[in-house]
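Peer 1: Residue numbers (this note's numbering), protein chains in the order written: chain B, 1 to 327; chain A, 1 to 327.
Heads up, some of the hints might be wrong.
A pair holds if it fits inside one copy or across any two, identical chains being indistinguishable in the list.
Unchecked claim - No farther apart than 30 Å at their CA atoms in a straight line, the calculated lysine-lysine pairs in the DSBU-like style are these:
hint : residue 1 : residue 2
1    : Lys306    : Lys118
2    : Lys106    : Lys272
3    : Lys306    : Lys75
4    : Lys200    : Lys99
5    : Lys21     : Lys106
Calculated directly from the structure, the hints in this document are not laboratory data.
There are 2 protein chains.
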Amino acid sequence: MDQQFSLPAYQDIVAAAKRLKWVIRTTPLIESVVASTACDARVFLKAETLQHTGSFKFRGAYNLIYQLSAEQRAKGVVAYSSGNHAQAVAKVASLSDIKATIVMPKDAPQIKIEATQKFGAQTVLYDRYSESREDIAATIVAETEATLVPPYDHPHTIAGQGTVGLEIVEQLTALDCIPDAVLVPCSGGGLISGVATAIKHHFPDTQIYSVEPEGFDDTARSLASGERETADLEATSICDALLVPTPGHLTFAINKQLLSGGYKVTDTMVQKAMAFAFLQEKLVVEPGGAVALAVLLNGQDEFIDKTVVAVVSGGNVDPAIFGAAIT
Amino acid sequence: MDQQFSLPAYQDIVAAAKRLKWVIRTTPLIESVVASTACDARVFLKAETLQHTGSFKFRGAYNLIYQLSAEQRAKGVVAYSSGNHAQAVAKVASLSDIKATIVMPKDAPQIKIEATQKFGAQTVLYDRYSESREDIAATIVAETEATLVPPYDHPHTIAGQGTVGLEIVEQLTALDCIPDAVLVPCSGGGLISGVATAIKHHFPDTQIYSVEPEGFDDTARSLASGERETADLEATSICDALLVPTPGHLTFAINKQLLSGGYKVTDTMVQKAMAFAFLQEKLVVEPGGAVALAVLLNGQDEFIDKTVVAVVSGGNVDPAIFGAAIT
Numbered sequence: 001m002d003q004q005f006s007l008p009a010y011q012d013i014v015a016a017a018k019r020l021k022w023v024i025r026t027t028p029l030i031e032s033v034v035a036s037t038a039c040d041a042r043v044f045l046k047a048e049t050l051q052h053t054g055s056f057k058f059r060g061a062y063n064l065i066y067q068l069s070a071e072q073r074a075k076g077v078v079a080y081s082s083g084n085h086a087q088a089v090a091k092v093a094s095l096s097d098i099k100a101t102i103v104m105p106k107d108a109p110q111i112k113i114e115a116t117q118k119f120g121a122q123t124v125l126y127d128r129y130s131e132s133r134e135d136i137a138a139t140i141v142a143e144t145e146a147t148l149v150p151p152y153d154h155p156h157t158i159a160g161q162g163t164v165g166l167e168i169v170e171q172l173t174a175l176d177c178i179p180d181a182v183l184v185p186c187s188g189g190g191l192i193s194g195v196a197t198a199i200k201h202h203f204p205d206t207q208i209y210s211v212e213p214e215g216f217d218d219t220a221r222s223l224a225s226g227e228r229e230t231a232d233l234e235a236t237s238i239c240d241a242l243l244v245p246t247p248g249h250l251t252f253a254i255n256k257q258l259l260s261g262g263y264k265v266t267d268t269m270v271q272k273a274m275a276f277a278f279l280q281e282k283l284v285v286e287p288g289g290a291v292a293l294a295v296l297l298n299g300q301d302e303f304i305d306k307t308v309v310a311v312v313s314g315g316n317v318d319p320a321i322f323g324a325a326i327t
Numbered sequence: 001m002d003q004q005f006s007l008p009a010y011q012d013i014v015a016a017a018k019r020l021k022w023v024i025r026t027t028p029l030i031e032s033v034v035a036s037t038a039c040d041a042r043v044f045l046k047a048e049t050l051q052h053t054g055s056f057k058f059r060g061a062y063n064l065i066y067q068l069s070a071e072q073r074a075k076g077v078v079a080y081s082s083g084n085h086a087q088a089v090a091k092v093a094s095l096s097d098i099k100a101t102i103v104m105p106k107d108a109p110q111i112k113i114e115a116t117q118k119f120g121a122q123t124v125l126y127d128r129y130s131e132s133r134e135d136i137a138a139t140i141v142a143e144t145e146a147t148l149v150p151p152y153d154h155p156h157t158i159a160g161q162g163t164v165g166l167e168i169v170e171q172l173t174a175l176d177c178i179p180d181a182v183l184v185p186c187s188g189g190g191l192i193s194g195v196a197t198a199i200k201h202h203f204p205d206t207q208i209y210s211v212e213p214e215g216f217d218d219t220a221r222s223l224a225s226g227e228r229e230t231a232d233l234e235a236t237s238i239c240d241a242l243l244v245p246t247p248g249h250l251t252f253a254i255n256k257q258l259l260s261g262g263y264k265v266t267d268t269m270v271q272k273a274m275a276f277a278f279l280q281e282k283l284v285v286e287p288g289g290a291v292a293l294a295v296l297l298n299g300q301d302e303f304i305d306k307t308v309v310a311v312v313s314g315g316n317v318d319p320a321i322f323g324a325a326i327t
């Protein structure tokens, strides 16, 4: 299915930004004085935790669903997601009374399952070790003629997420500042491919890096090999939002052109970053949202004296997981 | 000492805003969709948790210290505070290599004591049940000729905190919106007197309400009686930032003119508001910072169909206290 689409261009992100203007929150770009001191760098955090539904996913879901025809909307939408995309699709659908069915893993964080249901979506829970979410969604689509809202591998999704990058450009330009590097959490690659498209258009010399959990660094390895690689299928991670095992077709086609490489982080590094964000910046960050900050706090020499943006992509975390990370 | 000052006027807040423009963060005014639905109102949260040092106190401390003479600065500054003012004075002093001595209660949250020391201030810990912080500070001032930076009862402090109100006015005006009510956490009254001065100048019909912990509702009772009343001296509260037992002279002189009344909240209501801010808005809020939101979430009928701003004033909370509130 993915192959029928052409890659989204910079202008698609500008169009998405217009579509989203009165709906999304412009999230703050926070210059973290403490992180800057710790890293001997100038560190900005793009706090997408403060976006509607607690993550950047609202942008892509809105941009796609609001380009559906009236007939398509009447038949509803279907999505599969470990949680953040689920909530985003459910919320966007609820804004226009569109019926939404969301296929979610049984072991997704309770907070994400409940939020999705609260927005009025029907949830279909599956076992991620024995069932295919794509197959379940395809069956629903076949039965209902609902439209599938892909979590990352669609030009409208990528363009929507790219508005995060456009905001970073505007916010840094207001400070007369060009970043040396932008670090972005990466799973299927929708966020980083959109962000890279926006940022490289304005700042061609800025380096964009993916950040993934250890074992799920398929994008980093794909960038190195030039082919779409697969994650370690036995790996586990606390980053429930970053467990997609292979880069998307569209997203990787963009990322292999625009990214400079990828980092990977351990669960311990992620928890340390969550605690830092809590203590120093008063931000609630979920594990998958903290990976880019985790790279910086791990003392990477290559960012000394540089201006670096870490995208903090989501804040939907169960209280017990959060409590364990901060204490 | 307080009596020698005249009340700060609206123009003093405008002057403070100019002084602070390149130093403070303009904190987001977040329209909380979930709180609005829960309250059947339009609810905005002014997230001063995201201010430097994690609370609004940075504004007032900066506005005062940057009006000291070179001679005064050379002799250093002294402050007494349960924590947020302490950190703010320590941080502002560190920006210009001014020596800071901070008198703090021994049982202040560890996170606040450590942050104050990390900014390079000397801390003097005292027993809040047997010693007077004012006396300890006065002794230091007598010995060192350092300048006392009062936590609330000074026109420069009030004008600095008033910039929170000015931002609220600008942010709501951009939305073509006039609030019916603004709820502000209150202890000595510096924040609310400044905010009220700014907001009433632009929106004379907006009602401003103080919010205090149960037992420490001396401002609410003072507003009712017209005289400065004292808190219940046996009371306890998790709101460590809101334990000043009597309204200030200057602050009460302003508040009795501009405020419409006061609310009080229990510890349980405060914890519920902290959990709400964590789950729904991904904000880290300390107990004292959550009291205004706690009033709204308690289902006050008088705010139905109204536009209400709750100032969320600080986020400096020990991990264990936070963990207990959210789980």
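Peer 1: Run every hint past the structure and note whether it holds.
Peer 2: Each hint, compared with the structure:
{"no.": "1", "hint": "Lys306 x Lys118", "verdict": "between (43 Å within a copy, 24 Å between copies)"}
{"no.": "2", "hint": "Lys106 x Lys272", "verdict": "both (27 Å within a copy, 28 Å between copies)"}
{"no.": "3", "hint": "Lys306 x Lys75", "verdict": "neither (50 Å within a copy, 36 Å between copies)"}
{"no.": "4", "hint": "Lys200 x Lys99", "verdict": "neither (37 Å within a copy, 45 Å between copies)"}
{"no.": "5", "hint": "Lys21 x Lys106", "verdict": "neither (34 Å within a copy, 49 Å between copies)"}
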